[in-house]
Amino acid sequence: MTDTAPIHAPPSDRQGDAIARFMESERRRTRRELWTNRLLALGFGLFVLALWAIATHGGFVHKLIIPTPLATLEAAGRVSAADYFWPNVWVTLQEIFWGFVIGMAAGAFFGILVAMFAPVRATLYPYLVALQAPPKIVLAPIFVTWFGFDMESKIAISVVMCFFPMFLNTLTGLSAVDPNAIKLMRSLTASRWQTFRHLLLPNAAPIMMAGVKLCWTLAVLGVIVGEFVGASAGIGYLIYAMNFQLDIPAVFFLIILLSVFTLIVYQVIEWLEGRVIFWNSL
Amino acid sequence: MTQDIITGSGVSKVYATATGPLVALDDVSFGIREGEFISLVGPSGCGKSTLLSILGGLEDKSLGRLEIDGREIDRPRADVGMMFQTPVLFPWRTIRENVRLPGEILRLNKTEQKARTEELLEMVGLSGFGDRYPGELSGGMRQRVGLARLLAHDPKVLMMDEPFGALDEFTRETMNIELLRIWEAMRKTVIFVTHNIGEAVFLSDRVFVMTPRPGRLEGIVEIDLPRPRTPEIMREARYGELVFQIRRMLGVDH
Ligand SMILES: Nc1ncnc2c1ncn2[C@@H]1O[C@H](COP(=O)(O)OP(=O)(O)OP(=O)(O)O)[C@@H](O)[C@H]1O
Ligand SMILES: [Mg+2]
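So the protein lines, in turn, are chains A and B.
Mapping of the first sequence onto our numbering: position 204 corresponds to residue 204, and the numbering continues sequentially without gaps.
Converting from the second sequence to our numbering requires adding 1000 to each position, the first position being numbered 1.
Just so you know, not all the hints are guaranteed correct.
[As the list claims (entries may be wrong)] List time: in silico DSBU-like cross-link candidates among lysine-lysine, alpha-carbon distance up to 35 Å:
no., chain 1, residue 1, chain 2, residue 2
1, B, 1188, A, 183
2, B, 1156, A, 183
3, A, 213, B, 1114
[To be verified] To give a feel for the contact side, a few chain A residues facing chain B, derived at Cβ under 10 Å:
no., residue
4, 25
5, 183
6, 184
7, 186
8, 187
9, 189
10, 190
11, 199
12, 205
13, 277
Source of the hints: derived by calculation from the structure; they are not laboratory data.
Note that beta-carbon positions come from the ideal geometry of N, C-alpha and C, so glycine has one too.
Could you put together the complete structure from these sequences and hints?
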């Protein structure tokens, strides 16, 4: 038999030493690579920061166009200490949360429906694909008219932005399955539900997770655009108002804040993705 | 000899293709006895997979009668197990969980299935690998898992479509020897598709020789080699004669 030897057969003593040395040097090499990569990324960040500082402090770019890093830092302290700050942040957070969750759930739901039921597919698929074509942002003014200046209109825009990537990724994921795996399930007399649960859904998970990540950035985008178009609260509203008052450092701070927030949640989703679809790295 | 468990008479399969009807199987008739090891050999496109899919109830035939246990085949049956050229393991399940899939689908007794899974892993030489994932195994090991899963719900007929076709020569031979060992112990009815004539002769009680365009059953060759068989049998004159006879039927020797 060729394959039955245990994977970690104990090496002979002489080899054992050599293998231990090899493992140690491998470990050191990966650690070194990790740190090199971190330093490279950090170095580039500092480089950009330095460019920014030189360009603004050196007077190459007017302060009204791009504020200095220090002015931005000062604005950060000023804005985040103001009593209007947290209520606005809270509004935006809620809008993003609901837009993301509802858009994602609706996209996955319709994706599953269209993938699993041929009549639903025949009925809805052409329209869903056609609806995907126009840029969803054009709906923003109409939604503000329909749903008002409060959170509902922003959530609606966000939902519409999220829906399509999640819908299409769910549909693609559920359809991209090894035909032999389907034959296997059929030969075992599996029900539709069993095939869905044991094969189609886990098989679709990687593509669906990619959809979730797309959804997340689009949910944020949808909310901010909505707040630009018509709102009485929120980070997008603040950015718009500060920009109008030519408080560019405050605008910069809010943009950076929003980016960092989006990025952190994105990283959390990626981490979750690694947990959910652990087998992709095997 | 026992009675026929599978009978086919006048089985035909026509595909409606863009360029007109394509006859994949033309008037195929045969009987298979319980516990027999049958191989289907023939060149690519002669309808081996088509016949197996129909036997497995995965595809409809166009004409003819086809029965297992006296019942017309019109859908998959739980007592017929299928194995394909690729192992189709689910990468999100451990080896053990993959072998337990049929039991879960068919809602078999959990305690029994648990014990059986360990027995089967032992039998295919993978007892230490139950907690690993398919991504960590070699191609040969994966097909062993496929073999264990095939037997998990104890089907009485096994349909195998070139199960070792993607493996290298050495692993393939090892797998054949093991399959034979398992079959000797369990005596299930096996229908084994291959286009390796030597493999078919080595394994089978009878070899169904098929020819293409249209897919026809050219003839059935009785393999009168003694059992149990070991690879040494390939050195015997009778083995060579049988291989040669099948080659002639397939028209590869003129
Ligand atoms: N779904 C299909 N639609 C149309 N034609 C098909 C279909 N499936 C198979 N065929 C045709 O039927 C014939 C037999 O195919 P089949 O897959 O059974 O051959 P095979 O003997 O298994 O070949 P191989 O050894 O290459 O696997 C081929 O000519 C093939 O093109
Ligand atoms: Mg085939």
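So, going through the hints one by one against the coordinates:
no.	hint	verdict
1	1188(B) - 183(A)	21 Å, holds
2	1156(B) - 183(A)	18 Å, holds
3	213(A) - 1114(B)	39 Å, violated
4	25	24 Å, violated
5	183	6 Å, holds
6	184	5 Å, holds
7	186	5 Å, holds
8	187	4 Å, holds
9	189	5 Å, holds
10	190	5 Å, holds
11	199	7 Å, holds
12	205	8 Å, holds
13	277	8 Å, holds
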